[in-house]
Amino acid sequence: MSLLEIKNLHATVDGKEILKGIDLTVEAGKVHAIMGPNGSGKSTLSYVLAGREGYEVTEGTATFAGQDLLAMEPEERAAAGLFLAFQYPVEIPGVSNTTFLKEALNAVRKTRGEGPLDAMQFLKLIRARAKDLNMTEDMIKRAVNVGFSGGEKKRNEALQMAVLQPRLAILDETDSGLDIDALRIVAEGVNKLRSPDRGMLVITHYQRLLDYIVPDVVHVLAHGRIQKTGGKELAQELEAKGYAEFGVNEAA
Amino acid sequence: MTTDNTTVQALIAQASGLAPTLPGAGLPWLKDLRAAGLDRFAKLGLPTQRQEAWKFTSLRPLEKVSFGPAAESAPVSIDRIPSVLPGGPAHRMVFVDGRFRADLSQPGALPAGVVLESLGEALARDPDRVAGLLGRTATFDSHPLLALNTAFLADGLLLYVPRGVTVADPIEAVFLGTPGSAPAAWHPRLLLVAEENAEATVVEHHLGLPGATYLSNVASEVVAGPGARLHHYKIQMESLDAFHLATATAHLGRDATYDTFVLNLGARLARHEARSVLDGTGITCRVSAAYAAAGNQHTDFTTLIDHAKPHCTSREVVKGVIDGQARAVFQGKIIVRPDAQKTDGYQLNRALLLSPQAEINSKPELEIYADDVKCSHGATAGELDDDQLFYLRARGIPIDQARALLVGAFLDEAVEEVQVEVVRDHFRERLHRVLEGHR
Ligand SMILES: Nc1ncnc2c1ncn2[C@@H]1O[C@H](COP(=O)(O)OP(=O)(O)OP(=O)(O)O)[C@@H](O)[C@H]1O
Ligand SMILES: [Mg+2]
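In order, the protein sequences belong to chains Z and C.
With the numbering used here applied, the first sequence covers 1 to 252.
With the numbering used here applied, the second sequence covers 1 to 439.
Calculated directly from the structure, the hints in this document are not laboratory data.
Treat the numbers as computed from the prediction; the structure is a model and nothing was measured.
Some clues are possibly wrong.
[Unchecked claim] For the chain Z half of the interface with chain C, some residues (derived, Cβ under 10 Å), not all of them: (1) Gly51; (2) Phe86; (3) Pro89; (4) Glu103.
[Unchecked claim] Chain Z regions said to be covered by chain C (calculated; three or more residues, Cβ under 8 Å): (5) 70-81; (6) 92-98; (7) 107-113.
We put the CB at the ideal spot given by N, CA and C, even for glycine.
Can you build the whole structure from these sequences, using the hints too?
Structure below.
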């Protein structure tokens, strides 16, 4: 079954066309990787899928588990099981990580028809998840991402994903900023989520992440389009040859 | 002057008529004081926007209502009135429609020498003590609302904490407005006196039942002696049809700590004016507020911090959220007198505008006559951060809840200024409930 189905998706930002006809299908149980040069539209695609304001879809469709994704509010998409791990996680002063996770989890549970977790159940859950990711109690209590290092912010994204257990996780350069140990820990967290009814869209610049999260399919996104699709060996090829083949000089 | 308007005329007529029936009417000093207040109010009328201090707040809506005296109170239940103490109040004084209700109050056990009673009771029992305490800070020569309050002076709260005595638990004063058959006005007076090295916490709860139209014109007189520590807090959740006008005048002595905070959430029109005179060295004065205004609400927080002596610290954090067509006003004046060297003053005013029609008028005013002082102030007005809002929504939090979270976090920063932990926690909780749409 296809979990995410994107057809001929065009999108503009401030009147400038960034996505120029994306076709992409992610099946349940599969991990898809997207690689591509800076500025090619990878984050734009992830934001369009998550429903961020300011990204105007001018053509095409995106369905998620059979639903018209583009017609849904961001919170509805999240509740339906779509999760975006941000390339640049946002700092929210004054809102503790605990409060944030609790509100998020209970909101998502509510749409699934499940009751809210009580304080004890919830704390037990996030403590366990945080421990898997080697996160300290202090990081859970602090304001969301405020004063977190780059790598800590990425780990915090992984924590949110582990707590919310999405059906489709879009990881936008979750590996950048992570040290070698953290990369392995976060990748393990992602792998734990892999299951026959879940899908992943992993955006990365580096083969290293894909050594841990082995993709089923690799896409090259350049100039707002999927230029090439292949197996995991495509990532190795790109690592060796760069994006010159797609008319992009990576040094530029 | 606006003495020709009907509200003013009605109030004057009402005060003259009531005078002989008010408690202590037989006491010449009190009779004279009330008469002086009435006379002054008759001359000044209600404040108008032509006066600098009222530039941004119009009392015109008040003039369309004719306020009578409060009727004898209907039976009310106060079971659901929250206390700052999780186990219920230790000391609670309840006023319904401006009148003290002994049947609903519970002064509790207090250390020897502490006086906690209604002003009405105090006038009957020990008028000389009241005479010595009244009018020490609420000078009404150029203040029409204090003059009006004085003209009607009848009830309110008296707290007297003698030298060196600490009242450990917060003293809660509840002022409840009920819907009478016609709009009514009341004018409670609070006298809060902490002598040398005394300490107390007072929490005013101003509440109104839905649909009640009234004017509550409150005057609080605060005197903190040398080394006294007085925590004076207020939560204002009047009925959305009510007018709440409060003036708190404080006189602070050497090394005193005065910590005052107002959480302004209710009323159709609310103004809190806090005037503090720092009349000794080594004083710490905090005057802060948080407010949320929506619909057609108008909320005004006006402060004067008067540094008269050297080596004092004042701190002011005022944050508010304005939605709908609501308007907010902040006027913060800090005077540093020539003598007040080494003054350390800090003022911050921040507003969040949630709708295009929402409005804030912010006027910081520093008058500094000394040369060796540290005074900083900042004012900003902004909107909710779209990136933060999207981040929360992208995690499944519905937009209204996401907004409430962000707004709550914004206002919490002001609530943090409350120095007494139980009160701080209680205010935070009340605030969040209101932001989540429960009143
Ligand atoms: N508000 C905007 N106005 C104009 N152009 C924009 C705006 N926002 C993004 N862009 C452009 O859209 C293009 C795609 O950006 P996007 O962030 O999607 O790239 P990316 O593939 O994620 O790059 P990276 O690998 O560096 O993360 C870039 O050229 C960027 O400059
Ligand atoms: Mg990107």
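Hint numbers not upheld by this structure, sorted from lowest to highest
No hint contradicted; all consistent.
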